[in-house]
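Q: Starting from the structure of chain U, add chain C where the hints point.
There are 2 protein chains.
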Amino acid sequence: MPQPTDRLRELTEGYLAELVLASDLGSLEEPMRHALGGKRVRPVLCLATADAVGGRVEDALPAAAAVELVHSFSLVHDDLPPLDDDRERRGAPSVWAQYGEATAILAGDALLVEAIRLALMYPTSAVARELVDATLAMIGGQQLDLEGGVALDRLHALKTGALFSAAVMCGLWAVEVPPDEHPPWRAFAAELGPLFQVVDDVLDGDGYVLEVGEDGARRLADEVAGRAQARLAEIDADTDVLAEIVDGLAVRTA
Amino acid sequence: MPQPTDRLRELTEGYLAELVLASDLGSLEEPMRHALGGKRVRPVLCLATADAVGGRVEDALPAAAAVELVHSFSLVHDDLPPLDDDRERRGAPSVWAQYGEATAILAGDALLVEAIRLALMYPTSAVARELVDATLAMIGGQQLDLEGGVALDRLHALKTGALFSAAVMCGLWAVEVPPDEHPPWRAFAAELGPLFQVVDDVLDGDGYVLEVGEDGARRLADEVAGRAQARLAEIDADTDVLAEIVDGLAVRTA
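Taken in sequence, the protein lines are chains U and C.
No gaps in the numbering here: position 126 of the first sequence is 126 in my numbering, and each next residue is one more.
Converting from the second sequence to my numbering requires adding 1000 to each position, the first position being numbered 1.
Simulated from the structure, these hints should not be mistaken for lab results.
Every residue, glycine too, gets a C-beta built ideally from N, C-alpha and C.
Incorrect hints may have been included.
[Claimed, not checked] Under 10 Å between C-beta atoms, here's a sample of chain C residues computed to sit facing chain U: (1) Ser1027; (2) His1077; (3) Pro1081; (4) Ala1104; (5) Met1138; (6) Gly1141.
The shape of chain U in the complex, shown without the other chains (with noise of 0.2 Å):
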């Protein structure tokens, strides 16, 4: 029987609590930790994922975490002054806000690399390979943004979509899914980024819904999720949480 989300954000937060950061990085672990606060939406996914194919949770737990961290590492770079120049986050001070500029710069280096540490802890280096193409993905969905003039799925695919497919994809390498099974995974998580960048524009009233209004976003924010858990039932698991995870994501209200 598949565990319930409750208690996969429960063993996220137990791994990140005790998770030993690298020695060398001294007192840039405050920041760090400071940064990974969150829902850890991404972890919990990949965690499930595991969960659902018959994995060992616990053995998808450093992918999750690698995950969640890869996440932090973007919004302390992104709140940083230059980019988005966020003083808040997550209702305390952005790490920038709270360190200064230059240590947050570099504790979201460290949150990178230790992201990478983390997915290398596998046989195969195909669990960093994901996140490293996701975190490319990102990094060039930040500066498309800061460029303008680029399409909104565009963007969201690569700021948002890139990692939450990552998510995904690395529950599966974690817990050893052989390739020839991943497409269908992959189709159901190319739906997840885009569901929860249009529910993330409902709440804050801005991208989706100022192209297309406040109903039409969530019209198409219900639209995304019922392709979602089409394509979730099409694979061949024990997918219960994870259709409970994509109902989640659609009428989430923070």
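A: Chain C only, in chain U's frame:
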């Protein structure tokens, strides 16, 4: 017969010039290539190591390029205004001075991730692991430098020594030298960062020069160079070109 350093440098330049960056990076390619200038000290060291053990130099090119990209990443971020605030690098505008701070942050991130991507081309993940450990040391060293009050030896071991060491070790991993033959190489590699840094301080008139005077720093450089040559002499390989590189590091004037 080992290949001379000029040839190794040309191979590095050729490989870097033809390196295909992730298409998702888009317009970050220009600032990334701008950042990739330099004397190629580390990649040449990596290739010369692979050559010394009878490996194919070409097989070490991705590893050598990865080391150089990590070096470039660190310079791009270190030059930023909140860190060293350097507007110039190698007689040209630094990346942030030329392209803006936001793009420089992203270009540095991208160089780091591309470096890992190159390192992951090998069947063994040891190349990537070596690079990750060195990068964590460099980031920690930069943070210690911000905080001040740290002994120069410790600072340089982190900021400079770790990547010099990784250059040698990645050369070994790239051509599959078995780990039981690594210890004398690691002992040799450990002398290179200090050698590079002491000479750097003599050229810049800072660091060790402020601690022990110019003559003292020059004597220190000769001592370290002698130790590096002694370590090298203990290695059973064709180390002529590496000995030449050590001599070059000791007497360099730029």
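Q: If a hint holds in the structure, say so; if it does not, say that too.
A: Results of checking the hints against the structure:
1. Ser1027: Holds, about 6 Å.
2. His1077: Since the shortest Cβ distance to chain U is 6 Å, the answer is holds.
3. Pro1081: Result: holds, 8 Å to nearest chain U Cβ.
4. Ala1104: 8 Å, holds
5. Met1138: This hint holds: C:Met1138 lies near chain U, its Cβ roughly 9 Å from the closest one there, short of 10 Å.
6. Gly1141: 7 Å, holds
Checked against the numbered hints above, the structure violates none of them.
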